[in-house]
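Heads up: the sequence shown runs through residues 1 to 128, numbered per full-length UniProt numbering.
Source of the hints: derived by calculation from the structure; they are not laboratory data. The structure presented is a predicted model; accordingly, all values stated were derived computationally and were not measured. Check before you lean on any hint, since a few could be wrong.
As the list claims (entries may be wrong) - Listed below are the simulated PhoX-like cross-link pairs for lysine-lysine, each with C-alpha atoms no more than 20 Å apart in a straight line:
no., residue 1, residue 2
1, Lys-38, Lys-9
2, Lys-44, Lys-9
3, Lys-60, Lys-38
4, Lys-70, Lys-60
5, Lys-70, Lys-57
6, Lys-57, Lys-44
7, Lys-60, Lys-44
8, Lys-4, Lys-60
9, Lys-64, Lys-44
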Amino acid sequence: MIDKNTEAKNIPSGYTVIHVPVDRVICMTSLQLSNFIKLGAVNKVSGITSSRHLFNKEMKERLKSGAAQKIGIEGNFDNELIMGINPDVIFISPFKRGGYDAMREVGIPLIPHLGYKETSPLGQAEWV
């Protein structure tokens with residue numbers, strides 16, 4: 001993680017640079033979104049894959065107002081919409097179908113989020 005006002009220097013090949021503070025994120029799962037809800041940071045979420053299991057009123061309002069967008073499902077994303085959102089990071093599920101190549105090519109940092117694999121509340125809290 002590097003401050004947005006600082007140039008990334010001497011970063012080893014293969015490392016992902018994340019400029020902070022992060023202002024726009026895309027969450028690929030409801031568990032990832034729930035972390036932002038718990039932190040009171042729903043205003044940072046600019047994209048989600050689906051609203052099918054969405055019960056948070058603030059996030060529903062963000063979708064309704066256009067402050068956040070539904071970007072499609074894994075394997076069939078609306079890449080133009082994602083590029084228009086211009087997220088600072090995208091939290092991904094590394095074991096899903098994918099479809100991340102276009103995002104990787106334009107330099108959007110993809111952050112694997114494995115919180116759902118945790119079997120204890122403490123383990124899940126580590127991802128928050």
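Comparing the hints with the structure gives:
1. At roughly 34 Å between alpha-carbon atoms, Lys-38 and Lys-9 are farther apart than 20 Å, so this suggested pair is violated.
2. At most 20 Å may separate the alpha-carbon atoms for a hinted pair to count; Lys-44 and Lys-9 exceed this at roughly 27 Å.
3. A distance of roughly 16 Å separates the Cα atoms of Lys-60 and Lys-38; the hinted pair therefore holds under the 20 Å criterion.
4. At most 20 Å may separate the alpha-carbon atoms for a hinted pair to count; Lys-70 and Lys-60 meet this at roughly 11 Å.
5. For the hint pairing Lys-70 with Lys-57, the CA-to-CA distance comes to about 16 Å; that is within 20 Å, so the pair holds.
6. Between Lys-57 and Lys-44 the alpha-carbon distance is near 15 Å, which keeps this suggested pair within the 20 Å criterion.
7. Of the supplied pair hints, the one linking Lys-60 and Lys-44 holds, its CA atoms being roughly 14 Å apart against a limit of 20 Å.
8. The suggested pairing of Lys-4 with Lys-60 is violated, with an alpha-carbon distance near 29 Å, which exceeds 20 Å.
9. For the hint linking Lys-64 to Lys-44, the alpha-carbon distance of about 16 Å falls within 20 Å, and the restraint holds.
Of the numbered hints given earlier, the model fails hints 1, 2, 8; all others are met.
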